[in-house]
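Participant: Residues per chain are reported as follows:
Number of protein chains: 4
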Amino acid sequence: MTTTPDISISSAEGQACHSGPHGYIQDKPRYLNRLKRIEGQARGISRMVEEDVYCIDILTQISALSSALENVALGLLDDHLRHCVLDAAREGGDEAEAKLKEAFEAIKRLVKS
Amino acid sequence: MTTTPDISISSAEGQACHSGPHGYIQDKPRYLNRLKRIEGQARGISRMVEEDVYCIDILTQISALSSALENVALGLLDDHLRHCVLDAAREGGDEAEAKLKEAFEAIKRLVKS
Amino acid sequence: MTTTPDISISSAEGQACHSGPHGYIQDKPRYLNRLKRIEGQARGISRMVEEDVYCIDILTQISALSSALENVALGLLDDHLRHCVLDAAREGGDEAEAKLKEAFEAIKRLVKS
Amino acid sequence: MTTTPDISISSAEGQACHSGPHGYIQDKPRYLNRLKRIEGQARGISRMVEEDVYCIDILTQISALSSALENVALGLLDDHLRHCVLDAAREGGDEAEAKLKEAFEAIKRLVKS
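Chains as they are written, first to last, in the UniProt record's numbering: chain V, 1 to 113; chain W, 1 to 113; chain B, 1 to 113; chain R, 1 to 113.
Mixed in with the good hints, there may be bad ones.
Remember, identical chains collapse to one label, so a pair may be satisfied in a single copy or spanning two.
Only pairs whose alpha carbons sit at most 30 Å apart, straight line, appear in this in silico DSS-like list of lysine-lysine [unchecked claim]:
1. Lys36 <-> Lys112
2. Lys101 <-> Lys112
3. Lys28 <-> Lys101
Bear in mind the hints are in silico, worked out from the structure with no lab data behind them.
Excised from the complex, chain V in its bound form:
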């Protein structure tokens, strides 16, 4: 089974999310479930193209996948604001400003994507 060349996403530690663990950790199983489902939807769309399914049906599945992806992103953002950003803001100083700026850039990418 040809494995898909994953994007070499550097699973760098990523900046420590301030004092506590990342906001999403407590919901990790649920996020993994939703992302597995998204992976399955992506695979399903590939198979529709392989089987020459009608364009409109494929577009319908892509819109559904986009919405599912958007909802995962909104969930992660919510968790990040209520944990990482809030913790940093409570500790004050430059860290808080940096966290808010970083969160805003992520929000902008989400709005524009």
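For chain V, the structure is supplied; the task is to place chains W, B and R on it using the hints.
Facilitator: Showing chains W, B and R alone in chain V's frame:
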């Protein structure tokens, strides 16, 4: 390796795309490549969550995946308009109206997703 | 009352929409009504800023205005597809291809805006 | 000149933005300028419809207006996060959680509009 329960996407024949093959057929290898890449990005995001990567890094990858997905959808839509819809319009009759209405509904979903 | 310097939108004749009048003409009063309302919403948002209204309330009104604008655009696009594009497609030739390409570029701007 | 019936946007005081003035206040002239321009664009689009301008030209202006509106919203959101939300977070307590939840709902509307 636990296979991801694919969405039971009925690979229904789907309505025959009018007289000719679907618009995207001539570009099928390229679409399959891009969709394989999207699948890999989705898997990569799952792995980031598994490895407790920083929220913002995950959000960055999700925005990139959303854009890639949007571009595939726009490609399929372009092909569909220039082949399926154009063929139907040339043949005239109710089929053309139905095709345009169907294409518009897909565009609306894309704009709203 | 200081009139707002309108954008110098060239009310160029614009390319004749193929054989018939533009698709939206038959719904013109309704479009003008909706656009007047949108203008009023934009003015209302200006006034909220003038009156130092709370940021979130202003953002709520901007999201409502964006959705209203999107729906007007989708209406115009639907009319354009079912009239201008369909007429051109029926007449065939390069005009049809040009019309579809032009419509697709408008759809892409809409999806990406 | 028939004035446009403004949306009766209650210029309610709106919840006091925590201790300080709203984040956007220091940039108020710039926001008012941009909103005046947006109002002019909306009026320009009305006039294009009045003058039976070609559909695609109108759609192009609507996409430009949508982007301008989105950028004003992102600016307001950035100011709100860096002032209202940050101030509330520093003071801690339930106010901070409420502010973040409120900001997240505004972000969700923006992403989905």
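Participant: For each hint, tell me whether it holds in the structure or not.
Facilitator: Evaluated hints:
no.	hint	verdict
1	Lys36 <-> Lys112	both (25 Å within a copy, 23 Å between copies)
2	Lys101 <-> Lys112	both (16 Å within a copy, 21 Å between copies)
3	Lys28 <-> Lys101	both (25 Å within a copy, 20 Å between copies)
The structure is consistent with each of the numbered hints, conforming to all of them.
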